[in-house]
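Model the full assembly from the supplied sequences, consistent with the hints where possible.
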Amino acid sequence: MTGTFYVTTPIYYPNDKPHIGHAYTTIMADVLARWHRLLGDDVFFLTGTDEHGLKLQRAAEKAGKDPKAFVDEMALFFKKYWSLLNIGYSRFIRTTDEDHVETVKKALTKIYKKGLIYKGVYRGWYCTSCEKFYGEGEYLEKNGQRFCPIHLKPLEWVEEETYFLKLSIYTEKILRLLESKDIVYPREYAREIISKLRKEGLKDLSITRPKNRVYWGVEAPWDPNHTIYVWVDALLNYLTGIGWG
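The opening residue of the sequence shown carries number 717 in the numbering used here; numbering runs sequentially from there.
Source of the hints: derived by calculation from the structure; they are not laboratory data.
Among these hints, one or two may not hold up.
[What the hints assert, rightly or not] Below, in silico cross-link-like pairs of lysine-lysine (DSSO-like), each with a Cα-Cα straight-line distance of 30 Å or less:
#1 733 x 784
#2 778 x 869
#3 771 x 912
#4 781 x 771
#5 795 x 733
#6 821 x 778
#7 858 x 912
#8 848 x 784
#9 848 x 795
#10 915 x 889
#11 897 x 822
#12 795 x 784
#13 795 x 781
#14 882 x 829
#15 858 x 778
#16 869 x 771
#17 781 x 796
#18 869 x 784
#19 848 x 835
#20 821 x 781
#21 919 x 882
#22 882 x 848
#23 919 x 771
#24 784 x 822
#25 882 x 927
What follows is the structure, encoded as structure tokens:
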């Protein structure tokens with residue numbers, strides 16, 4: 717067998733040193749990469765660190781360091797540990813890398829120019845550790861206080877100006893794609909997504925944060941008072957890694 721094979725890990729928050737969970741995921745990806753190399757495939761194995769957002773901003777502030785200096789230091793721990801584990805990645809990407817920042821700006825500028833991004837106001841309960849808003853029925857509630865269902869920490873009420881991506885208009889297109897092609901494995905997870913989309917549809921996605929709250933991020937190309945939401949920034953690393961942009 718000869719072909720191309722692209723394998724990635726999630727990119728990891730360097731707010732602390734790597735732990736066994738990071739190692740587990742990275743070793744699994746390394747095994748896949750090695751197997752496909754044995755098959756004769758041209759393999760590209762991407763891993764790295766997700767270095768922007770409020771979680772890293774607060775971690776740096778708590779450590780009394782500039783965010784860039786902080787993530788520079790923490791990224792070295794990931795590289796050191798992957799070297800000790802003999803992880804054979806093709807590239808260690810960091811979302812602070814210049815080529816990645818350019819990818820984010822280029823991709824979102826293209827989307828903005830197509831009229832798919834608009835300004836609005838977002839209100840909701842926010843978990844800094846998840847970098848995510850939780851809606852009604854998604855959070856835990858005890859004695860009148862709302863908690864993150866993952867980290868079990870109190871949620872913060874946030875009401876702020878943001879830019880939204882018109883994701884809702886793609887509900888039917890994504891459903892057709894999921895129903896006609898085997899692109900999600902195992903297949904039962906595709907069925908789960910399809911069921912959820914049929915019931916709830918997609919909602920427009922908040923893709924920026926006001927810079928006066930989250931200054932540590934990629935600046936929105938169309939508005940210097942906003943930074944790109946860290947999950948959007950992070951997802952685009954998989955394009956940067958293979959040279960898009």
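Hints and how they fare:
A distance of roughly 16 Å separates the Cα atoms of residue 733 and residue 784; the hinted pair therefore holds under the 30 Å criterion. Only pairs whose Cα atoms come within 30 Å are accepted, and residue 778 paired with residue 869 is accepted, the gap being roughly 17 Å. Annotation: proposed proximity of residue 771 to residue 912 holds, straight-line Cα distance about 29 Å (limit 30 Å). Taking the CA atoms of residue 781 and residue 771, the gap is near 14 Å; set against the 30 Å cutoff, the hint holds.
A distance of roughly 11 Å separates the Cα atoms of residue 795 and residue 733; the hinted pair therefore holds under the 30 Å criterion. With a CA separation close to 29 Å, the supplied pair residue 821 and residue 778 stays within the 30 Å bound. Taking the CA atoms of residue 858 and residue 912, the gap is about 27 Å. The hint holds against a cut of 30 Å. Among the hinted pairs, residue 848 with residue 784 is consistent with the structure: their alpha-carbon atoms are about 22 Å apart, no more than 30 Å.
Simply put, residue 848 and residue 795 have alpha-carbon atoms about 27 Å apart, close enough for the 30 Å limit, and the pair holds. Proximity of residue 915 to residue 889 is assessed by CA-CA distance (about 15 Å); at most 30 Å being required, the pair is judged to hold. Note on residue 897 and residue 822: the hinted pairing holds, with a Cα-Cα distance of about 29 Å set against a maximum of 30 Å. For the given pair, residue 795 sits about 17 Å from residue 784 by alpha-carbon distance, which is consistent with the 30 Å threshold.
Between residue 795 and residue 781 the alpha-carbon distance is near 21 Å, which keeps this suggested pair within the 30 Å criterion. Our distance criterion of 30 Å between C-alpha atoms is met by residue 882 and residue 829, whose separation comes to about 13 Å. Straight-line distance between C-alpha atoms of residue 858 and residue 778 comes to about 28 Å, which keeps the hinted pair within the 30 Å bound. Using a Cα cut-off of 30 Å, the hinted pair residue 869 and residue 771 holds, with the two alpha carbons roughly 13 Å apart.
Between residue 781 and residue 796, the direct Cα distance comes to roughly 21 Å. Compliance with the 30 Å bound is thereby established for this hinted pair. Using a Cα cut-off of 30 Å, the hinted pair residue 869 and residue 784 holds, with the two alpha carbons roughly 26 Å apart. Pair hint residue 848 plus residue 835 holds up; C-alpha atoms about 19 Å apart against a cutoff of 30 Å. With a C-alpha separation of about 26 Å, the suggested pair residue 821 and residue 781 falls inside the 30 Å cut-off, and the hint holds.
Of the pairs offered as hints, the one joining residue 919 and residue 882 holds, with about 8 Å between alpha carbons and a cut-off of 30 Å not exceeded. Restraint check for residue 882 and residue 848: satisfied, since their Cα atoms lie roughly 18 Å apart, inside the 30 Å limit. At most 30 Å may separate the alpha-carbon atoms for a hinted pair to count; residue 919 and residue 771 meet this at roughly 24 Å. Proximity of residue 784 to residue 822 is assessed by CA-CA distance (about 22 Å); at most 30 Å being required, the pair is judged to hold.
Restraint check for residue 882 and residue 927: satisfied, since their Cα atoms lie roughly 22 Å apart, inside the 30 Å limit.
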